[in-house]
Every structure is written in C-alpha cells, then in structure tokens.
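Novice: Residues per chain, in single letters:
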Amino acid sequence: MKIRKLLNILILVLVSFSCIDEYPLDIKSYEDLLVVDGMITNLPGPYTVKLSRSTSVEHPQFDPVQQAVVRIADDLGNSEQLLETEKGIYQTSAGGMQGVAGRNYKLNIQLKSGKQYETAFEKLQPAVGIDSVYAEIESKETNDPDDDLFGYQFYLNSAQPQHDTVYYLWQLTETYEFNSDFTLDYLYNGSIEPSGDPYKFYKCWKTEDIHQIFCFSTLNQNNSVVQDYPLNFVSTKSKRLTIRYSLLTTQLSVNADAYKFWDDVQDQINDEELLFDQQPFQIRGNLYNAEDPSEPVMGYFTVAGAAQKRIFVNRPLFVDFDYPLCFADTDLRTLYYTPRRYWPIYLTDTKDGIAHAAKSCFDCRMHGGVLNKPEFWIDGE
Amino acid sequence: MERRISGNRISIIILLILLFIMDVKLLGQDHVIFPGKKLDNTEWNDFKASMKKAHGINFFYLPGSIPNVFMKIEADTLSLRKILANNFGKFGIRIYHDPAGNYFLLKEKDLKTSVPDAFFKLPDYQKETIRNEKKLTSKGFLETKNEFVWQEIHIGQKSSLNGKEKVKLHGKLVNSVNKQPIFGANLYVEELKKGTTTDADGKYDLDLPPGGYTLRVSSLDSKELKYKLNIYEDGALNIELEPKLYLLNEVVVKSNRYQNVRGTQMGIEKLSVKNIKEIPVVLGEKDISKVALLLPGVQSMGEGSSGFNVRGSPADQNLFYIDQVPVYNTAHLFGFFSAFNSDAIDEFTLFKSNIPIEYGGRLASIFKLNAKKGRLNKFSARGGISPITTHLLAEGPLSKGKSSFLLAARSTYSDWLLKMVRDPDIRNSSAGFSDGILNLSFQLDKNNHLGIFAYGSKDRFRLSDIFDHDYYNLGSSVSWRHIFDNKHAVNLSYVYAQYGFSEKNQELDLAAFKQSFQLDHHQFNAQYSLKNTGDHDIKFGINTTYYMINRGDYIPAGPESSVNKTSFEPENAMETGIFAGDQWQISKKLTLEAGLRLNYYAYLGPHKVYNYLPGEPMIPENITDTIAYGSSKIIKSYNNIDYRFAANYTFNENLSLKASFNKLHQYIFLLSNSITISPTSIWKLSDPHIRPMHGDQFSLGIYKNIWGGQYELSVESYYKKAGDLVEYKDGAEFTLNKFPETDIIQGDLDAWGVEFMIKKSFGTINGWFNYTYSRAKIKALNTARKEENNFGLSYPANYDKPHALNLVLKWELSKRLSLSGNVVYATGRPITLPTAVYYQNGMEVLQYSLRNEFRLPDYFRADVSLAIEGNLKRNKLAHGSFVFSVYNITGRKNAYSVFFESDDGDIKAYKLSIFGAPIFSVSYNFKLGNYED
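Chains as they are written, first to last, in my numbering: chain A, 1 to 381; chain B, 1 to 933.
The set of hints was computed from the structure by calculation and includes no laboratory data.
This structure is a prediction, so every number in the text was calculated from the model and none was measured.
The reader is advised that the hints may include incorrect statements.
Taking lysine to aspartate or glutamate and the EDC-like style, the derived pairs with C-alpha atoms no more than 20 Å apart in a straight line are [said to hold, decoys possible]:
#, chain 1, residue 1, chain 2, residue 2
1, B, Lys-908, A, Asp-352
2, A, Lys-140, B, Glu-507
3, A, Lys-260, B, Glu-788
4, B, Lys-194, B, Glu-165
5, B, Lys-911, A, Glu-58
6, B, Lys-193, B, Asp-582
7, B, Lys-908, A, Glu-58
Away from chain B, derived, C-beta distances all over 10 Å, residues of chain A [as the list claims (entries may be wrong)]:
#, residue
8, Tyr-23
9, Pro-46
10, Lys-50
11, Leu-83
12, Ser-93
13, Val-100
14, Lys-123
15, Tyr-134
16, Asp-164
17, Leu-187
18, Pro-194
19, Asp-228
20, Gln-282
21, Phe-327
22, Arg-340
23, Cys-361
Where is the CB? At the ideal position from N, CA and C, for every residue including glycine.
Here chain A stands alone, though its shape is the one from the complex (with noise of 0.2 Å):
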C-alpha cells in the first residue's frame, strides 16, 4: 500500500474522545444524620467541637445542632462541659481543660431530645515536633499548555519522633498581606473631595484555614522522619504572594483511627483516577449512640499532640503575576447619575486623571482582610 493511501486513510479517520458532562442528582434519603467535628490536642484551649446535621448535596451548608450538652472526659475523671458559644459551636473555656500526652479523652453528647452520644476513651499521642518547613519556586501544568501555573509550593520536615508515631495530619492556616487596587484619594459626596487618608483602607491582612486535608503516615517507611512533605500551594494568580505570606502549620499526632478516618476522606474527596476509581464507600466517625450503634453518624473527635510552626515568604522575585484588577474609568458623568444611597463614591488619582471604581477596589476589607497587623506579623526587610 502506498504511503499516500496510508496517509489518507489517517485522515479520514474522525476520532472524538470521552467528554464530562454535569451530571444531576436527586437524592433526597441520608439528610439530618448527626454530625460531629471537634478535637482536643495538647496544645491550650479553647477547644472546639460543632454538631451539625447533614444536607443535601446540592445545597450544602451548615445546619447547626443546638442546645445539646457536650462534655469532655479524661481517663482520670476530669471533664469539663463545652458551652454553645455560637449556634451549633461549643467551646471550653479559656483557663479550662487542657490536653496531656499519654490520657485518654472521650466525648459525651446528650441531644436535646435525650439521645446519647460518646466516643471510646483515645489515647492523646505525644506531639513530634516541626524541623522546619520551607518555600519552593514551582511551575504546575493546566489544561492549557500555553498557561502554566507559577506560585510556592511549601514543604516540611518533621523532627524525629521521640516515640512511635506514624500517623500524622496537617493543619494549615494561612495569612497574607495585600493592598487595595487604588489609594482612595478623593470622596464623592455630590463633589469631589480629598479623602484626607489615601491610604485608609489600603493595607489588609487576611487570615484563612486552608480546607485541605494532608495526612502522611510514616509505617512503610524506613526514615520515621517526614522528609520534604509537599503542603499547599500558592499561586502568583492571587494576591496572596504580592507582598508577604506566613503559613502556620499545625502537625497532629493521631492514633490509627484517625489517621483511616481522614486519609478515607482524603481518598474520597481527591479520587481522581476516573478509569479505576476506588469503590466509595459510607465512612462513619468514631461517635455513636450508644443504645444504637448501628445508627450513622458523622464525622470524627481528634484526639491529638500537636505542634506548630509558622513561616513567612516575600515576595517571589522574577515571577509574573496575573490576577483581575479593578477598572478606573475616567467618565465622571455618571456619578451625576448615581442614586445617593451609594455616597460617598470612592474615587482615585490616575495618569489619566480622576477615576472612580467599585468600593471594594479602594477597600481591603471587602475582601476579607483586616486593617489591623496580626500579633503574629513580622514585617520583612
């Protein structure tokens, strides 16, 4: 057969692939099960544990459990009762009860309606310290080849373990300086006028758990020591990395159970392998009722040792950044249009003149940033 031949054929040859399509689900069973998220760690108080009932999958939210008594018990006989400091969120108190390696710690629930809830008594493990926990430069591929993402991917070394831990979660909290897009210089209140502070609401912190689950477990390895664990990632498509960032990593120590419990949530949430996917399965927590164990509930109580260790990065030098900025437009007359509820309107000083733009651009709270340096935050060079 001739080359030509062959080559037509090729081309004749219309191949489409495999295709993702939303998909919609209408299931209304396994809604309202009891569900628990606290912890209680070596690390001082206050300790948090929210009961919540489950939701639908397509309108998630939180749909708190109120007025229930919720109690923590040492093996000791200590316990201290949590208060419901918001609707669903029960809180020990500041000066209260404090984790120590080596007890064991239970929770007790009572519902309003009268149902018992506890876990069994676990072992709080000792805490293995943070050796240190570090900042690369790293690019990351998309599904556009021509746009790859650039940012720091952060890394950690644990200490070694004074005693047999293996199983380890990470917690991590970031913070972040940024600044508004534009210096508020001039109000307009019917007129122009200068702001008096340009700079008023141009310096914000924001502080944010990162919803990420990392858990390592160190059995199958022959270095008990976690070695260059990769944590997140921050990429320059944010502010988060314009001025200077501070993670806060939170190491647990967590006994078997645990580790199952989060690395099985893990599993379920970044199962990825579309072809083989793993058979999912109901994960249950370590509460139940106790005249029915057969009842599901949710979520699980940590008992861990934790350590922590916070870091901060200036900003990566030699890397683009490429997030949405605000636009100034310079066409005042339609302020003269603007009803006055929306007064005063922010405006800005630019090479092209007076510009106004949405609040939020001249507002670093808008976004969920605080004016107020954080008691943590050093300031780099």
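Mind docking chain B on chain A? Use the hints.
Specialist: Here is chain B on its own, set in the frame of chain A:
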C-alpha cells in the same frame, strides 16, 4: 431431469470438467439395485426411464454413441454397473458413476486421453481403507442446487451383513479449500436422532445399526450437507466441506441448523472470526472477544473496562484459553482492546453453564479461543491497518500436506491519539501494545499429531512522569495426540504461561515506588477419549497445575523517595484435577451427560502464616503468632469434588429441552479494590485464611428451530450461587499489605437470569437478537469474625444490569458489499452515590449511600459498518478490503461513571462518557491471492 449432451467435442470437455469439478471418485461402490425380472429384455430407453423413476439415477452419454439395445439382466446380477457393463462392454463403452447416482457412459478412447493422472490419486490418509471408502465434496451439487436432491452413499451390500447388528462409520472432515481438519462439525442421523461431532483432527466415528439413513453434516462455517446413507459394512466416509466464505454463487447458506437443538451442551456460544468480520467495533479494531459482549449473559462494567461478567459472576471467574495457554490478563490498553489478534483466531467458544469436565478452576465460564493452524497446501500472507494497529500474518506448509506454520503479529502506533487530549498529564503520556502468535502443526503419521504453540502480548503505559505501567503475557504449549484404532485418542500436553507487570509511581517524590508482579503457571494435561463405545462417549484424564506467584519487592524509586523496601513472600500452590465424564445416549430422544472431577489443592511453602485471635476480625492488631513453613511443605490443602450433570430430551428434530446442574471450585482470584479491574490488580492463591470459592449453577433451556431451521430460538434460565466469594473490605489498600487476608472478607453471590435468543445464521440478512433479564447480589458478612461490608447488608454486584438487549444484523448487499449494525441496550450499572454533605475541619465531606444503592442512566448504543471487498478477479496478486464503521452513531453520551468535584464549596456531579460521540474509523485489510484464497 435428464440431460442429454450434444455430440461434439465441446460437450466431451464439459462432461469432463463436470466430472473434475465434482471431484468424484469413479472407484466408488456400485448402486445396489434390484431391477427385477420385469426389466429383463426391455429397450435401453425404457430401462433408462424406469431406473430414473425408481431410483433417481441419471445417465450421461453422447447422443448417438449408445445403441438402443435390449437390456439383458442376469438373475444374479445386482449391480447396475455390472448390468450396464455386460450390455455395453462389447461396444467399447466404459461405465463410470459417482455416488450421487450419476452414470457416465463413455467411449473408451475419449476418456483415456483426457483424464489427468492425478484424477485418480488418493490422499495418503485414504489409501489404507480404500475398500469401503467414500470421499465426498460439497461441490458435488454445484450444478444442482435443489437441496432435495441428495447424494447417495452406499457402503457394503445388504448381502454382506452376516447378521451383524452394528456397523461403524468413520472418517475425517476437512475444509475443501485449505485441507484443514474441521473441529466440532456435527454429523447427525435423522432417523436415529443420533449424532456425533468431529474431534480436533476432524475425525469422527459413529456406530449404527445397518440400514438406510439420512445423514446431515454441518459445521460452524460450512454449509450443511445431506446424504442418503446406505450402510451395511464398516466403512470410511471422508468429507470435504466447503467453507461458507468461499461460496461464490450459492444463494442459500445453511449452517449449524440443528446444532441448537441437538447435543447436551447448553450455555455454549460459538463465534468464528469470519462471522464477526463486519461487526462494527471501536476504532475499527476487529476484536472477537469484544463481540462476546453481544451474546446473552455476558456483560462488562463499561466501555474500556477489561474483563467480562458472565451470568452474574465477577470477571476473575472466567478462564481464557488461547489454544491451551491460559491468559491471565486479556486486556490491551487496560481494556479498550483485547489481547488477541483476531486475524490469528479461528473461532471462539464460550462455555457459560455446563463447563466441560476437562476444565476446572473457574466458577463462571471458559473462554476458549482456537488459533488458526497454518495452511497445508500453500504459503499465504495477510495483514491490515486500523487507526490503532497494524497487523500481519503469514502461514504455509513446512512440509506439504503434513506440517504447517502460522505466525501472526500486531502492534500499535496509537500515541498520536493521546497527543490530542488537552489534559497535560495525558498529553505527555504514551501507550502501546503488541502481541504475537506462533502455531506449528506436525502430522507425524496417520495416528500422531504434534502441536507447538506460543503466544505473547505486551503493553506499555506511561502517564506523564507520574506513573509507568508495563504488563505482559507469555505462554507456550506442546501437545501430542495419538489415535488408537481410529477409535480412542490420547492427548498429552504441557503448558506454560506467565503474566506479569511492573509499575513505577512517582506521584509523590517522597513516596515514589517501584513494584512488580509475576505469575508462573505450569500445567500438565493428559486425557483419554473413548469414542462411540456403544451409546457412550467417555473421557477421563488429569490436569495438574503448579502456580508460582511473586508479588515482587516494593522498592523506593528515585533518590528522594524514603519508602521502605518491602519484600513480599512468593506463593506456591499445586492444583490437580482428576476427571471422568460420560455422554450416554439412552434412547433416540434422551441423552445424559455426567462428569466428576476430584480437586486436590495444596498451598505450599516456603511461607510465613499469621494466626489471628479467634472470633475477632483478621486485622494486624489481632495477630497472635507467626508460623514459618519450609520449602515445599504443605501449609494447607483442600479436597473438593466438582460435578456436572446434563440432560437433553429431544421431542423432535426441531424442539428439545435441556437441563444441567454443576458444581465448581476456584483456587485463584484477583485482588482489586477498584470497581473495574485496575492495572495493578494482582492474582492471589487460596491460602490457610482465604478459602477456595465454590459455585453451583442450575440451568434449564428450551431450544426450537422454526421455519425449516431458518430461525433458532432458545430460552435459557439459570440460578447460580457462589460461596466464599472474595470481596474487599471497604477502603482496602493492597499494594503494601503483606497479609491480604486482613483486607478481605468472604461473601456470597446470588445470581439468576433468563436469556432469550433468536438467531438467523444464514441468508442475505442474518444476525441475532437477544434479551436477558438477570440479577446478581452479594452479601459480605462474617459474623464469626465480626467483619462486614456495607454493614452486613446485601448489595447488587457492580455489574448487575437487569435488562440487557443486543441486536446484531448483517445485510449482504452484494458479493462485495455488506452492511452491518449493532444495537445495544442495558440497564445502567449500580453505583454508590454521595447522598449528603457534612463539614469537617471546614471542609465539605460527602456522605455516600450504601454500596450500589443507585444506578447510572441506562446504556444505549448503535453502530454501523460497511465492508467493501476488492474485485473478484481470479488472477491477482493480492486482495484488499475496507471496513468503514461508525461506533455509537447516535452519539449518546453513555455514562461510564459519575464523579464529584468540590470546588469552592460547590459540589458538582459529573458523568464521564468514554465514547461520547460517534466514532468513525476505517480499516484496511489485505491478503495474498484472490478473494477466495
């Protein structure tokens, strides 16, 4: 009808050509006729008319060459040829005839100069039994297509009986084109409702009371032949069957007509590669085992998943044989294609209910693929190209007429497909496969046959720099067959098979690892078959298999990896089955079949075995002690009995009722915790903690042929129960588990179903339609060890698809053009769906339903293909053909799976469709020689 031949040379030539085409032997037995005294002294013309009327005998001669004599008939002359010779010999006229009852009266000189020497030459295998031997070819009726004109076969004369009550008919069936023996052809005596099938060498024998019968001969890919058989002495009847594919002018193709109704076998599906040539397939890659999915009772998890689920059983309960070599991973590219090059496959048989007694070790089915044997007469080659692969095959004689070779190879060049995908990980990946077959066949002498067979397949897969996975199958067999007295046969064979994979995972540098797996299978088989000892067909024998499984070491990959090197202990075991079976024809209507198979299984050292606290879950925390066993030490043995019972009651030649009941055991299974068979699934042997699986199946079926056998109808129902099914504990992780029993729970499978099938296997439009209703449920609860899956509740198996419907049609528009289509419908497979959301540590977590509580949307697909053959010229170097096909012509986005992504608080469900649009493809095939070759 009498044909006169006009008197010129051309007619002589035509007559001779006719004789030649018919390939009849002029030495055959004479017609035994009793012309009776009243024909004595009649005129030739009257005699001729009377013979035609009374016996259907035609006379051929040149008009004017035969004088109109008065026929003298001596009182003691019974042979028509003798009568004719006596009367015409003096005129220099020779008498020839063929078994069909045609008599040729020729002047001596005409024949002498024209008939080639080879005309009377006999093939070697016929020489010894020449006295009572017939050789027939289906071409005998090339010119007389009326199927009601039967060929008549006379073996012996009534006078030669000597009071014998039984005579034996034996012989060999070969393909008229390539002279290959035909295996599994049916010979059926209508009047006795009795028949037999040919063995692997195409040989058969049949005991009959002397008399006159109607004999039907058919095979899967030949047209049916019908003969009038008059047998009074032992004799041989060798038949050449013309393969269907090569029929150029025949309009009606009859095959397989009564096989459905006859025979005790049930739950058996046969396909030949020729039958499936035009069935549309994904990307034009002809794939015989994928066609199995269009048969009733056979399902898969979805497109692109390897493995078949036969009658509600998991995929590891099937055993695939290519020739005698077991294949442990039958998937290429993880299941999109099968590991068999259909070019080199002759036919494929699926036993899904009453597995023949010589096979054991799997509960659900045996998939048997017979590789082609090389041609004995001349060299030939063929090949083809599809969007995915190129393939080549060469075959030919090593020693003409005696031994042959066949070599086939296939390889991909499919990486270009991956380059078109957007995902960077896939874009930077590569995937490919190749496979090959070598088949050598040596007919040492009349009674000895030696076969050497080798098979290999290899897959390589690389997902970016994250994941590397290679796997392969290797296998070879040596088999020897000896036949005693044309009657009994002994088969000996040694089989070696290997399956292995190696994997490298670098998703996380810190935990990068390499691991490999290897399974070695050594098998020895001996089988003795006693054919036609009265009404019995008896076979007995032994199979012994030695398994060696090496899970390899789990070792760090790369300098940054800090995984612990973990060594896994190899496993060794021996499985022996001693079997005996008998098929007994009790009466014309009732046939029984029974078989017994004694299994002995031993799990052998060296190996360490953990003991667990009795009454507690088998988890590492409950280990009490460890016992180390030495080399070859029997750690644990199991003795079990398999049995098979089957019965066929034939009401008439068009209606029968069959029932079967059997029990099987299985000692090796696949460990996998993913829904489909994942590439890292490993085979595991039964051990002291994991008991062998066992299964019982009861089937009942009604088989009916209607409209003269044009349509075959069948309804089969089954109930199956499997115990000690190996299920995986929720969330099990096998890669690193040295003690798989801690991740396993043994449960029970209940499956039942009804299969309806209508089949039309010949005609311009042919094909089949089937509908199956079936269920399969699993319960995994071990109260003794407080272990359970799904909280101890029964759940549908992953492949439980209650309604399944398949339609396969082929329309032969012309000799060179045919249109084919499939329609497939099935209930969506069960899935476990997230049903609620809750929060943990600020994260949304999905709460899943009970196992397989919900279902995917129903599956529907329609495919078409158009096959165009090259010209039908007789003299050409090579013949080519194109197949254009469209897979999933409606473009329906069938859901393969549903998955969820949690994106900034929004949980969205997505369905993945693997072939979510029509897929066009073109494949080209060629071969040396013309269309018929």
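Novice: Each hint should be assessed against the structure and marked as holding or not.
Specialist: Okay, the hints, checked on the actual structure:
1. With a C-alpha separation of about 44 Å, the suggested pairing of Lys-908 (chain B) with Asp-352 (chain A) is violated against the 20 Å cut-off.
2. Only pairs whose Cα atoms come within 20 Å are accepted, and Lys-140 (chain A) paired with Glu-507 (chain B) is accepted, the gap being roughly 13 Å.
3. Pair hint Lys-260 (chain A) plus Glu-788 (chain B) holds up; C-alpha atoms about 17 Å apart against a cutoff of 20 Å.
4. Distance hint between Lys-194 (chain B) and Glu-165 (chain B) is fulfilled; the C-alpha atoms sit about 16 Å from each other, no more than 20 Å.
5. Between the alpha carbons of Lys-911 (chain B) and Glu-58 (chain A) the distance comes to roughly 16 Å, so the proposed pair stays at or under 20 Å and holds.
6. Between the alpha carbons of Lys-193 (chain B) and Asp-582 (chain B) the distance comes to roughly 18 Å, so the proposed pair stays at or under 20 Å and holds.
7. Taking the CA atoms of Lys-908 (chain B) and Glu-58 (chain A), the gap is about 8 Å. The hint holds against a cut of 20 Å.
8. Listed as a non-interface residue, Tyr-23 (chain A) fails to keep its Cβ farther than 10 Å from every Cβ of chain B; the least gap is roughly 4 Å.
9. Listed as outside the interface, Pro-46 (chain A) is consistent with that label: its C-beta sits roughly 16 Å from the nearest C-beta of chain B, beyond the 10 Å cut-off.
10. Chain B draws Lys-50 (chain A) into its interface by the beta-carbon criterion, the shortest separation being 7 Å against a cut-off of 10 Å.
11. Look at Leu-83 (chain A): its CB is around 20 Å from the nearest CB on chain B, clear of 10 Å, so calling it non-interface holds up.
12. Under the 10 Å C-beta cut-off, the non-interface status given to Ser-93 (chain A) relative to chain B holds; the minimum distance is some 22 Å.
13. For Val-100 (chain A), the shortest C-beta to C-beta distance to chain B comes to about 23 Å, beyond the 10 Å cut-off, and the non-interface label holds.
14. The beta carbon of Lys-123 (chain A) sits about 14 Å from the closest Cβ of chain B, which is more than 10 Å, so the claim that it is off the interface holds.
15. The claim that Tyr-134 (chain A) lies off the interface holds: its Cβ sits roughly 14 Å from the closest Cβ of chain B, which is beyond the 10 Å cut-off.
16. For Asp-164 (chain A), the condition that its CB be more than 10 Å from all CB atoms of chain B holds, with the nearest at approximately 14 Å.
17. Distance to chain B confirms Leu-187 (chain A) as a non-interface residue, since its nearest Cβ pair spans about 34 Å, more than 10 Å.
18. For Pro-194 (chain A), the requirement that its beta carbon stay farther than 10 Å from each beta carbon of chain B is met, with the minimum near 39 Å.
19. The non-interface label for Asp-228 (chain A) is inconsistent with chain B: the shortest C-beta to C-beta separation is roughly 6 Å, within 10 Å.
20. The claim that Gln-282 (chain A) is not at the interface with chain B is violated, since a C-beta of that chain comes within 10 Å of its own (minimum 5 Å).
21. Consistency note on Phe-327 (chain A): stated as away from chain B, and its beta-carbon is indeed over 10 Å from all of that chain's, at 24 Å minimum.
22. Non-interface status of Arg-340 (chain A) relative to chain B is upheld: no Cβ of that chain comes within 10 Å, the nearest being about 35 Å off.
23. At roughly 22 Å from the closest C-beta of chain B, the C-beta of Cys-361 (chain A) stays outside 10 Å, upholding its exclusion from the interface.
Hints 1, 8, 10, 19 and 20, counting from the list given before, are not met by this structure.
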